[in-house]
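**Student:** Top line first, the protein sequences correspond to chains Y and U. Counting from 1, one number per residue, gives the positions in the first sequence under the numbering used here. Counting from 293, one number per residue, gives the positions in the second sequence under the numbering used here.
If you're looking for bench data, these hints aren't it; they were derived computationally from the structure. On a predicted model such as this, the values are computed, not experimentally measured, just so you know. Note that beta-carbon positions come from the ideal geometry of N, C-alpha and C, so glycine has one too. Check each hint, because a few of them may be wrong.
Unchecked claim - With the C-beta cut set under 8 Å, the calculated list includes, among others, these residues of chain U facing chain Y: (1) Ile315; (2) Val343; (3) Ile366; (4) Ile389; (5) Thr400; (6) Asp419; (7) Pro423; (8) Leu492; (9) Val498; (10) Val504; (11) Val508; (12) Gly549; (13) Gly553; (14) Leu575; (15) Leu583; (16) Ala584.
Said to hold, decoys possible - Distance condition first, Cα-Cα at most 27 Å in a straight line; then the derived DSS-like pairs of lysine-lysine: (17) Lys165(Y) with Lys587(U); (18) Lys298(U) with Lys102(Y); (19) Lys102(Y) with Lys42(Y).
Claimed, not checked - Here chain U is said to cover these stretches of chain Y; the calculated rule only asks that three of the stretch's residues, wherever they fall, bring their Cβ under 8 Å from a Cβ of chain U: (20) 56-65; (21) 188-202.
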Amino acid sequence: MHYKESLGSRIYVAIAYIIVTIFSIACIYPILHVLAVSFSSKVAVNAGLVNIIPVDFSLDAYEFVMRGGAFFTAFAVSVKRTLLGVVISMVFVILAGYPLSKTKRQFSARNFYMWFFVFTMLFSGGMIPSYIVVSKLGLIDSLWALILPAAVPVYYLILFQNFVKSLPDGLIEAAYIDGAGEGTVLGKIILPLSKPILATLVLFIAVNHWNAWFDGMIYMNRPENYPLQTYLQTIVVQVNLKAVTSLGDVTNISPQNSKSAQIILAMLPIVIVYPFLQKYFTKGIVLGSVKG
Amino acid sequence: MKKFKKEWPFHLMLLPAVIMVIIFNYVPMAGVSLAFLDYKPAKGLAKAAFVGWKQFETLFENPNFFLALKNTVIIAGWKLITGLIVPLVLALLLNEIRKSWYKRVAQTLIYLPYFISWVLMAGIIVDIFSPTDGLVNRALESFGVEPIYFLGSNTWARFTMILTNIWKEAGWGTIIFMAALTGVDLNLYEAAVIDGAGRLKQMQHVTIPAIVPTIVLVGTLSLSNVLNAGFDQIYNLMTGVTMETLDIIDTLVYRIGVQNGQFSLATAAGLFKSVVSSFFIILSYRLADKLAGYKIF
Chain Y
1 MHYKESLGSR IYVAIAYIIV TIFSIACIYP ILHVLAVSFS SKVAVNAGLV NIIPVDFSLD
61 AYEFVMRGGA FFTAFAVSVK RTLLGVVISM VFVILAGYPL SKTKRQFSAR NFYMWFFVFT
121 MLFSGGMIPS YIVVSKLGLI DSLWALILPA AVPVYYLILF QNFVKSLPDG LIEAAYIDGA
181 GEGTVLGKII LPLSKPILAT LVLFIAVNHW NAWFDGMIYM NRPENYPLQT YLQTIVVQVN
241 LKAVTSLGDV TNISPQNSKS AQIILAMLPI VIVYPFLQKY FTKGIVLGSV KG
Chain U
293 MKKFKKEWPF HLMLLPAVIM VIIFNYVPMA GVSLAFLDYK PAKGLAKAAF VGWKQFETLF
353 ENPNFFLALK NTVIIAGWKL ITGLIVPLVL ALLLNEIRKS WYKRVAQTLI YLPYFISWVL
413 MAGIIVDIFS PTDGLVNRAL ESFGVEPIYF LGSNTWARFT MILTNIWKEA GWGTIIFMAA
473 LTGVDLNLYE AAVIDGAGRL KQMQHVTIPA IVPTIVLVGT LSLSNVLNAG FDQIYNLMTG
533 VTMETLDIID TLVYRIGVQN GQFSLATAAG LFKSVVSSFF IILSYRLADK LAGYKIF
């Protein structure tokens with residue numbers, strides 16, 4: 001069916017294209033700029049010649065960063081905390097989320113537990129009491145300080161139980177009749193059916209761990225224990241002087257070069273999983289929404 | 293007892309998570325009692341004297357606290373408003389783009405910053421807004437505009453926070469509105485076309501009514517952030533000069549607590565924020581339930 005759209009409609013569509021295009025470019029432009037700086041020569045960068053295309057293409061900044069040292073130590077800490085953190089949080093979410101998905105008739109204490117968890121979303125002790133708890137437990141400078149305090153992500157727990165609640169009851173009933181226990185039901189029936197929400201939560205939790213920096217700053221005293229984002233916070237955001245001195249005798253790259261290269265490298269894991277993130281993100285929003 | 297026999301596996305499954313939440317959420321909640329003590333880390337908790345509301349008095353006598361409160365509300369308020377309008381407009385406009393590849397590319401670019409940490413974003417922002425060789429000032433210079441100290445002057449700092457917040461966070465709201473828009477029945481558009489409705493009329497009579505519940509939901513839920521002006525962003529972009537317009541409650545708590553070691557005073561400031569926030573969180577859930585039928589569980 002082809003018909004002529006009115007002038008007003010066509011102007012509106014044209015405006016939509018223009019604004020969306022401008023906003024999209026504005027979103028990506030600064031990132032492209034940093035990418036270009038990371039691949040440009042020191043001279044070009046210092047002269048302010050670099051826009052979004054590398055000038056005097058050079059890999060020196062990456063060579064410098066790759067040479068090892070603090071960046072790699074921090075990168076390793078982040079990889080460790082992300083892997084461990086995801087596994088641990090998922091265990092808690094699955095184990096606690098399944099009973100919570102039951103109705104009050106099936107599990108009489110369900111609403112009590114639910115409020116027990118939800119209350120932590122309404123009120124929190126704040127930064128200082130949390131810090132004291134972590135330090136009294138002797139977790140300062142330990143990897144566990146980055147994992148345990150947020151090991152039970154209550155909001156994701158709620159998303160998970162909402163999803164399980166929406167699964168058809170028939171299969172579970174049938175398993176009970178066959179004499180299956182709760183563990184079997186969870187492992188053999190619920191989990192295989194929950195793959196979409198599990199994938200979504202794994203991605204969310206992994207990104208949160210990768211991007212976290214504040215816990216590293218307050219719970220880690222020794223810089224060699226910093227996760228990547230905390231380490232970068234000290235060199236990227238805090239005054240550039242530090243980066244200058246740490247470059248030492250390296251003369252073929254500027255602090256801005258190395259800073260840009262490190263930003264790009266830290267962003268890389270996110271960019272790699274981004275297609276999945278995008279796919280599951282919308283899904284997660286729809287999956288976790290409350291039905292009825 | 294019979295009930296427990298049947299339900300014990302559920303209690304067992306919940307146990308690990310319950311223990312973790314008690315240790316890392318409920319014990320710190322009890323820790324807010326620090327706000328009523330005079331706690332010195334060196335002396336230990338047992339020797340801390342009970343001082344009643346003294347910490348709060350000290351806090352309320354401190355002009356920096358009210359400055360931080362004012363900055364928090366102003367910055368958070370602007371973020372709430374822009375956080376609702378910008379994603380809404382973007383989603384409505386994206387919805388008009390019928391070339392599917394174009395729409396996909398645009399969505400990919402617009403959502404990306406949301407997934408990148410504030411630390412990295414701050415690194416980029418410091419770079420592009422630099423008054424000497426930043427991209428933005430280089431562009432302005434070519435129009436003959438004098439360099440602007442976006443991050444270094446109190447005239448511009450708040451504006452820069454709100455602008456860069458749109459850059460980073462608008463993607464999230466857009467995703468939510470787009471999810472709502474894809475749920476709109478396409479037959480409604482066809483019917484509208486048959487009735488002779490142009491694009492604007494379709495938006496007015498089909499699209500907007502379809503996403504009003506989502507708008508109400510996002511709006512009411514964001515109320516819970518009235519005192520969250522964004523620690524991650526502000527802490528990483530604030531300088532000594534811009535403290536006057538950027539210092540927020542969270543950065544103040546961090547400074548007096550972690551940097552100055554005044555644990556009790558910082559806890560009092562944190563408690564003040566928690567209590568006010570709780571009120572707004574409960575209010576926002578209530579409103580979301582009433583106006584949009586949203587229940588958290």
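**Student:** Run every hint past the structure and note whether it holds.
**Tutor:** Structure-based check of all given hints:
1. Ile315: OK, holds: Ile315(U) within 8 Å of chain Y, min 7 Å.
2. Val343: Constraint on Val343(U) not satisfied, violated at 16 Å.
3. Ile366: violated (22 Å)
4. Ile389: With a closest approach of 6 Å, the Ile389(U) hint holds.
5. Thr400: Nearest chain Y Cβ about 7 Å off; hint holds.
6. Asp419: holds (7 Å)
7. Pro423: Hint violated; Pro423(U) Cβ to chain Y Cβ min 12 Å, cut 8 Å.
8. Leu492: holds (6 Å)
9. Val498: Hint on Val498(U): violated, closest Cβ of chain Y at ~14 Å, above 8 Å.
10. Val504: Check failed: Cβ of Val504(U) comes no nearer than 16 Å to chain Y, outside 8 Å.
11. Val508: violated (15 Å)
12. Gly549: For Gly549(U), the interface hint holds, since the closest Cβ of chain Y sits about 5 Å away, which is under 8 Å.
13. Gly553: violated (10 Å)
14. Leu575: violated (11 Å)
15. Leu583: violated (15 Å)
16. Ala584: violated (11 Å)
17. Lys165(Y) with Lys587(U): holds (14 Å)
18. Lys298(U) with Lys102(Y): Roughly 13 Å between the alpha carbons, so the hint for Lys298(U) and Lys102(Y) holds.
19. Lys102(Y) with Lys42(Y): Status violated; Cα separation ~62 Å.
20. 56-65: This one is violated; 0 residues, fewer than the three required, reach chain U with a Cβ under 8 Å.
21. 188-202: violated (count 0)
The structure is inconsistent with the numbered hints 2, 3, 7, 9, 10, 11, 13, 14, 15, 16, 19, 20, 21, although it conforms to all the rest.
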